[in-house]
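S.K.: Put together the whole structure using the sequences plus the hints.
Heads up: the sequence lines are chains X and L, in that order.
Be aware that the first sequence starts at 28, since it is given in my numbering, and climbs by one per residue.
Be aware that the second sequence starts at 28, since it is given in my numbering, and climbs by one per residue.
Everything labelled a hint here was simulated from the structure, so no lab data went into it.
Keep in mind that the hints are not guaranteed to be accurate.
Copies of the same chain are indistinguishable here, so a pair counts whether it falls within one copy or spans any two.
As the list claims (entries may be wrong) - Below, a list of computed lysine to any residue pairs in the SDA-like style, where the Cα atoms sit at most 25 Å apart: (1) K194 to D75; (2) K127 to I280; (3) K127 to P170; (4) K191 to T219; (5) K366 to E316; (6) K228 to A340; (7) K339 to E188; (8) K339 to N184; (9) K366 to A278; (10) K127 to A113; (11) K363 to A340; (12) K339 to S238; (13) K191 to S224; (14) K333 to D362; (15) K336 to K366; (16) K205 to A113; (17) K54 to F145; (18) K363 to D332; (19) K319 to A359; (20) K195 to P176; (21) K191 to V352.
Protein chains: 2
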Amino acid sequence: MKKMTVLFSAAAIIGVSAVAAEALIQKAKNAGLKPIPESKTELYKLIDNPKNPITDAKVELGKKLYFDPRLSKSGLISCNTCHNLATGGVDGVDAATGHKWTANPHHLNSPTVYNAVFFEKQFWDGRSPDLEDQAQGPIQAAPEMAATPEHVEKVVNSIPEYVKAFKKAYNDPNFKPKFKDVADVIAVFERTLVTPSRYDKYLAGCDKALSKEEKEGLKIFIDKGCVSCHTGIALGGSMQPFPAVGKYKYANIGDFKGDKNGMVKTPTLRNILETRPYFHNGAVWSIEEAIKIMGETQLGVKITDKEAKKIKAFFGALTGEKPYVRYPMLPASTDKTPKPDLN
Amino acid sequence: MKKMTVLFSAAAIIGVSAVAAEALIQKAKNAGLKPIPESKTELYKLIDNPKNPITDAKVELGKKLYFDPRLSKSGLISCNTCHNLATGGVDGVDAATGHKWTANPHHLNSPTVYNAVFFEKQFWDGRSPDLEDQAQGPIQAAPEMAATPEHVEKVVNSIPEYVKAFKKAYNDPNFKPKFKDVADVIAVFERTLVTPSRYDKYLAGCDKALSKEEKEGLKIFIDKGCVSCHTGIALGGSMQPFPAVGKYKYANIGDFKGDKNGMVKTPTLRNILETRPYFHNGAVWSIEEAIKIMGETQLGVKITDKEAKKIKAFFGALTGEKPYVRYPMLPASTDKTPKPDLN
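M.R.: In structure tokens, the structure reads:
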């Protein structure tokens, strides 16, 4: 009898716990939070671009170009310089810094490339609809890679292995890569940079994927309303009203005020513990501080230190598994390859 | 009878060819050229440092630190910035350019890290006896990574995964990594960066590893006397008299004049077709031009365009197979990690 009581009690506890677990997962889903699909087929439906389909050949070529500093005017800066795959897909400095050590003129922080495929828009002001379009920007921006489309085309066409790889990728023996094609294959590589995490396992129904503290953090995150902007698969990536920054010190850094409607792209929270400093101008280095400021400026709610700590714990579960990246060995320059220009 | 004659002739040709092949390989060896050993045991005897033995744990940790820009003052420059493993172990610009976009004050070109373990000395003026000592230099140099030893120690000790990895690598639960230890594990990683090539197969006795033109190039390379400096496993790496540059345009670039005895470290020719521009000041972009200038200034011999072309073909056989490098995912910074300082 004693044994049976124990069994019954255990069953009762499991029952309650299962209901509670189910409830929080359901609550998260109702709030618009979505996992990265475990199924590769489902995932590819989400990350693929029918106008620029993902293929192995394009991913491999795009990866090389993503890491190739010769696309820049100086020959020293690649996409990976500011969106470093080794460090959460960012550069770890407050304002993006590129050609001639020039900081972004609006003091904008480099957003992570990881999971950027899930964003509704690209760039802080959302001016770009997709990664193909976005990739053309930093290559040409004067304080970033500072290259012209002509420079990029000259570099790529001067290196026979690249031309061959484009011909293969586009199945066209006469293919002559243009600037847009370079951006397109880089975007294809970027589309594969997704980082599933314990949080996704949790949303898929695995209750024990998150610790007690992480679940408490998730609940607070939802209850406080953070999820009204940090939602969807990326927990961010959509345009939202620019923070009411008036009374905060960080408001004085940079002159960015959002797009013409005063909207700003919400950053993703995936891998957020790897991507400090925070905010569009990289003004805040502590995640707890960032959480509390956002509560106050965006939601008009107070988030206590204890609550911020739990939300931070939840953010830890958003640190995802990074794709396996073999560091590419790039094809050699030739006498036709433009010389770097550091001025 | 006819058939038999044919067979005899073939045998005779093979015989002659084999003798000729053997002769050139022997000639190369007599001239001091040596292959990278195929045997891993033999290789490790050459690349290991008894004072800082190679272990898997140190290689893996050293690789992370080699790629970690947080060791620099700015947080933007890693060892790999100037010694980029993707581009022949160099940066592809004439003068190494680092912190605040500052060029090397003597206009010195970044030498490749590949096969540097085989050099007798490190740095162009040979001031460093080994990679362990060398690795401490660029991290601290103001126009390179511009860090202090204290900065490096603070960064590494602020990141628990790094501290743990050092404890594991040195099998000491109380290990507290110092600046020297950081340089040591980076050096261990660098010791593994060797690139065996077709040329090594050839020297090991495989005649068909080189094409006819490549062999002709090798013969000219030896006969002209290039091998008097470009010798040993690295085809370079020893201290030799600084070129008599007086009458050449490139002499006017930079103020480097060699060490106090007017000696300069001969660069390796391995992967030379991937490491333009050439010479200590990166003044020459065409390898044929570099070959001809070296003949005239260092050897007092004229190398014709045709001969330079064949030597270049031989250099193609020195392009080696690069080690498989998984791009490291670096441990996240913490609130204790020093913030980058771009000034």
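S.K.: Evaluate each hint against the coordinates.
M.R.: These are the hints, each one checked on the structure:
1. Within a single copy, K194 and D75 get their C-alpha atoms as close as 21 Å, which meets the 25 Å cut-off; across copies the closest is 43 Å, which misses it.
2. Proximity of K127 and I280 under a CA criterion of 25 Å is satisfied in both settings, with 21 Å inside one chain copy and 21 Å between copies.
3. Taking the shortest Cα distances, K127 and P170 sit within 25 Å of each other both inside one copy (7 Å) and across copies (13 Å).
4. In this assembly of identical chains, K191 and T219 lie within 25 Å of each other by CA distance solely inside one copy; the values are 22 Å within and 31 Å between copies.
5. Taking CA atoms no more than 25 Å apart as the test, K366 paired with E316 passes between copies only; the shortest distance there is 16 Å, against 46 Å inside one copy.
6. In this assembly of identical chains, K228 and A340 lie within 25 Å of each other by CA distance solely inside one copy; the values are 16 Å within and 55 Å between copies.
7. Within a single copy, K339 and E188 get their C-alpha atoms only as close as 46 Å, which misses the 25 Å cut-off; across copies the closest is 19 Å, which meets it.
8. In the homo-oligomer, the alpha carbons of K339 and N184 lie at most 25 Å apart only across protomers (22 Å), although the nearest pairing inside one protomer, at 47 Å, exceeds that limit.
9. When the C-alpha separation of K366 and A278 is checked against a cutoff of 25 Å, the pair qualifies only between copies, where the shortest distance is 20 Å, while the shortest distance within a copy is 41 Å.
10. In the homo-oligomer, the alpha carbons of K127 and A113 lie at most 25 Å apart both inside one protomer (23 Å) and across protomers (22 Å), since each shortest distance falls under that limit.
11. With identical chains, the CA atoms of K363 and A340 are at most 25 Å apart between copies only, with a shortest distance of 18 Å across copies and 53 Å within one.
12. Taking CA atoms no more than 25 Å apart as the test, K339 paired with S238 passes inside one copy only; the shortest distance there is 13 Å, against 62 Å between copies.
13. For the identical chains of this complex, K191 and S224 are inter-copy neighbours only, at 23 Å across copies versus 37 Å inside a copy, given an alpha-carbon limit of 25 Å.
14. Taking the shortest alpha-carbon separations for K333 and D362, only the inter-copy value of 17 Å comes in at or below 25 Å, while the best intra-copy value is 61 Å.
15. Within a single copy, K336 and K366 get their C-alpha atoms only as close as 51 Å, which misses the 25 Å cut-off; across copies the closest is 22 Å, which meets it.
16. Proximity of K205 and A113 under a CA criterion of 25 Å is satisfied inter-copy only: 23 Å between copies versus 29 Å inside one chain copy.
17. With identical chains, the CA atoms of K54 and F145 are at most 25 Å apart within one copy only, with a shortest distance of 22 Å there and 62 Å across copies.
18. Taking the shortest alpha-carbon separations for K363 and D332, only the inter-copy value of 18 Å comes in at or below 25 Å, while the best intra-copy value is 59 Å.
19. Only between protomers do K319 and A359 lie at most 25 Å apart by alpha-carbon distance; the minimum there is 21 Å, versus 50 Å within a single protomer.
20. Proximity of K195 and P176 under a CA criterion of 25 Å is satisfied intra-copy only: 22 Å inside one chain copy versus 48 Å between copies.
21. In this assembly of identical chains, K191 and V352 lie within 25 Å of each other by CA distance both inside one copy and across copies; the values are 22 Å within and 24 Å between.
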